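The sequence shown begins at 1 in the working numbering and counts up by one.
Honestly, I wouldn't trust all of these hints.
[Claimed, not checked] Just the calculated beta-carbon pair ranges, DEER-fashion:
(1) Phe456 - Ser186: 46 to 52 Å
(2) Lys406 - Lys72: 21 to 27 Å
(3) Leu401 - Leu161: 41 to 47 Å
(4) Ile453 - Val100: 53 to 59 Å
(5) Thr407 - Gln321: 45 to 51 Å
(6) Asn82 - Arg414: 44 to 50 Å
(7) Leu111 - Phe201: 35 to 41 Å
[Unchecked claim] Calculated cross-link-like contacts (lysine to any residue; reagent style SDA-like; alpha-carbon spacing at most 25 Å):
(8) Lys78 - Asp353
(9) Lys143 - Ile23
(10) Lys78 - Ile147
(11) Lys421 - Pro445
(12) Lys200 - Phe85
(13) Lys88 - Gly214
(14) Lys72 - Lys209
To be clear, the hints were calculated from the coordinates, so they are not data collected in a lab.
Only a predicted model underlies this, so the values are computations on that prediction, with no experimental measurement involved.
Don't be surprised by glycine CBs; every beta carbon is placed ideally from N, CA and C.
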Amino acid sequence: MNQIQSIFKNTSWLSISQIITSICAFLWTIIIARYLGVSEYGIVSFAISFTALMGIVMDIGISTYITREIAKHKDLVKKYVNNIFLFKLILAIILFILSVLILYLLDYSFLTILITLIFTIELIFMSMVGFLNGVFQAFEKVKYQAIGSILNSSLLLIGILITLGLDLGIISIALSYTISYCIFFSYMFLEYINNFNLPKFELDLTFIKEVVIGSIPFGLTNFFYTIYFSIDIVMLSFLTGNYATGLYKSAYNIINVFTTFFVVYQAVLFPVMSKFFKESQDLIRVSYELSIKYLLLIIIPLSVGVFFYARPIVDFIYSNQYSLASTPIQILIWTVPFLFINGAASILLNAIDKEKTVTKIYIMAAIFNVCLNLILIPLYSYDGAAIATVLSEILITFLTLYHISKTNYEPDLRLFESVLKLIICGIILAIALNYLNLSIWLTIPIGLMIYLISLFLTKSIDETDKYIIKELLRK
Numbered sequence: 001m002n003q004i005q006s007i008f009k010n011t012s013w014l015s016i017s018q019i020i021t022s023i024c025a026f027l028w029t030i031i032i033a034r035y036l037g038v039s040e041y042g043i044v045s046f047a048i049s050f051t052a053l054m055g056i057v058m059d060i061g062i063s064t065y066i067t068r069e070i071a072k073h074k075d076l077v078k079k080y081v082n083n084i085f086l087f088k089l090i091l092a093i094i095l096f097i098l099s100v101l102i103l104y105l106l107d108y109s110f111l112t113i114l115i116t117l118i119f120t121i122e123l124i125f126m127s128m129v130g131f132l133n134g135v136f137q138a139f140e141k142v143k144y145q146a147i148g149s150i151l152n153s154s155l156l157l158i159g160i161l162i163t164l165g166l167d168l169g170i171i172s173i174a175l176s177y178t179i180s181y182c183i184f185f186s187y188m189f190l191e192y193i194n195n196f197n198l199p200k201f202e203l204d205l206t207f208i209k210e211v212v213i214g215s216i217p218f219g220l221t222n223f224f225y226t227i228y229f230s231i232d233i234v235m236l237s238f239l240t241g242n243y244a245t246g247l248y249k250s251a252y253n254i255i256n257v258f259t260t261f262f263v264v265y266q267a268v269l270f271p272v273m274s275k276f277f278k279e280s281q282d283l284i285r286v287s288y289e290l291s292i293k294y295l296l297l298i299i300i301p302l303s304v305g306v307f308f309y310a311r312p313i314v315d316f317i318y319s320n321q322y323s324l325a326s327t328p329i330q331i332l333i334w335t336v337p338f339l340f341i342n343g344a345a346s347i348l349l350n351a352i353d354k355e356k357t358v359t360k361i362y363i364m365a366a367i368f369n370v371c372l373n374l375i376l377i378p379l380y381s382y383d384g385a386a387i388a389t390v391l392s393e394i395l396i397t398f399l400t401l402y403h404i405s406k407t408n409y410e411p412d413l414r415l416f417e418s419v420l421k422l423i424i425c426g427i428i429l430a431i432a433l434n435y436l437n438l439s440i441w442l443t444i445p446i447g448l449m450i451y452l453i454s455l456f457l458t459k460s461i462d463e464t465d466k467y468i469i470k471e472l473l474r475k
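From just these sequences and the hints, can you work out the full model?
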């Protein structure tokens with residue numbers, strides 16, 4: 001199996017997993033939002049965002065670091081797992097104690113504290129799963145991650161349906177998240193034992209210190225990345241209350257569905273690029289350029305469609321009590337194309353040992369985002385938070401492209417031509433949708449046909465794309 005076929009196989013596994021997960025998430029999002037109502041949904045939204053911020057304490061970038069290092073040096077996998085597994089258990093205890101102290105000092109209600117601590121336990125299992133996922137990604141064996149993700153999503157949906165049927169309330173919703181991730185972790189741990197034997201816990205402090213130092217740039221990047229993707233919800237909760245938080249989170253959930261493709265890309269391509277940096281550096285640029293092209297090819301028509309049909313999408317998913325969420329959706333959807341460009345650039349920089357550069361970029365973006373939120377949230381509430389997120393992504397785009405231009409992996413002009421063609425295709429689609437004014441169900445097939453025709457007219461599919469298709473079709 002050549003590298004293209006291996007990438008396609010792993011991408012297929014994760015794509016199937018993400019599709020099933022997205023369907024389940026779509027269902028439980030509707031159920032939770034309608035069952036809890038805007039205010040209690042705001043509590044859950046705060047808990048998820050708070051634990052996402054606190055999760056940096058649990059990981060500090062270790063999962064990303066070991067994925068890159070094991071991809072380069074596979075013979076060290078047991079040494080990494082034996083030491084880091086025990087170290088992360090220690091971090092989990094610190095995380096829980098720290099969460100209790102912060103929530104108590106912030107003087108939140110007992111219910112909010114309880115729900116947040118339940119989600120903190122879920123985060124601990126989530127972090128351990130992420131660690132094991134990183135090991136399997138380094139070996140380009142993502143099917144276990146895919147199967148585990150399907151298992152987790154299915155169990156969570158079942159738990160939420162039971163909560164709804166028995167009317168068990170918001171605490172049961174939180175417990176459903178935690179229990180399903182506990183089972184996900186158990187599955188991944190058993191698969192690790194089957195593939196690599198039972199870990200023999202070690203505490204080599206010198207080795208752990210080396211790993212932590214190497215991981216810190218990734219951890220800082222994740223921290224500041226999380227800040228401008230989660231701090232807006234925390235700030236909304238603090239500045240405007242649970243109602244605005246619930247509306248914004250409902251919009252955010254819809255946008256998260258469209259980041260599925262990037263999650264797949266990141267899991268598959270990061271270890272491959274890391275391996276290329278050691279074995280074949282010329283292929284790194286090719287992987288980077290094609291990644292941007294294919295990611296934008298997929299997301300541009302989706303972004304255009306969501307922009308035009310935000311209101312019916314919200315009404316269909318949440319009912320008209322969440323109708324005000326349509327405006328932040330129309331704003332937030334434009335973060336996704338920039339997110340894909342920035343994500344591909346960050347993976348490239350991380351793979352070529354420029355993780356400190358990525359850290360600096362996200363520190364600047366996070367500070368920029370917090371400052372914008374402090375200004376825009378009091379003025380425009382959830383719409384202001386959405387605007388701050390888009391502007392932060394645009395800043396990251398300029399910064400990452402600038403730093404890549406200073407390396408040996410500066411994109412060829414053909415990439416910019418390809419991106420321009422895809423933007424033209426998106427504009428053609430937008431003009432057509434605005435002129436036709438069709439129902440959302442008619443728009444899907446007709447819009448797809450218009451987009452495919454525009455790809456053909458602009459010659460967006462070139463000889464390289466045709467070669468890749470031929471490689472995928474080989475036995």
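Hints, verified against the model:
For the pair Phe456 and Ser186, the supplied restraint of 46 to 52 Å holds, since their beta-carbon distance comes to about 49 Å. Restraint check, Lys406 to Lys72: a C-beta distance of roughly 23 Å satisfies the suggested window 21 to 27 Å. In this structure, Leu401 and Leu161 meet the distance hint of 41 to 47 Å, their C-beta atoms being roughly 45 Å apart. Checking the proposed 53 to 59 Å range against Ile453 and Val100 shows it holds: the Cβ atoms sit about 58 Å from each other.
Here the CB-CB span from Thr407 to Gln321 is close to 50 Å, well matched to the stated 45 to 51 Å. Take Asn82 and Arg414: their Cβ atoms lie about 46 Å apart, and the range 44 to 50 Å holds. Under the hint 35 to 41 Å, the C-beta atoms of Leu111 and Phe201, about 37 Å apart, fit the expected range. Of the supplied pair hints, the one linking Lys78 and Asp353 holds, its CA atoms being roughly 23 Å apart against a limit of 25 Å.
Between Lys143 and Ile23 the CA atoms are separated by roughly 19 Å; this keeps the pair inside 25 Å, and the hint holds. For the proposed pair Lys78 and Ile147, the alpha carbon gap of about 23 Å is at most 25 Å, so the pair holds. The hinted pair formed by Lys421 and Pro445 meets the criterion: a straight-line CA distance of about 21 Å does not exceed 25 Å. Our distance criterion of 25 Å between C-alpha atoms is met by Lys200 and Phe85, whose separation comes to about 10 Å.
Our distance criterion of 25 Å between C-alpha atoms is met by Lys88 and Gly214, whose separation comes to about 15 Å. With a C-alpha separation of about 20 Å, the suggested pairing of Lys72 with Lys209 holds against the 25 Å cut-off.
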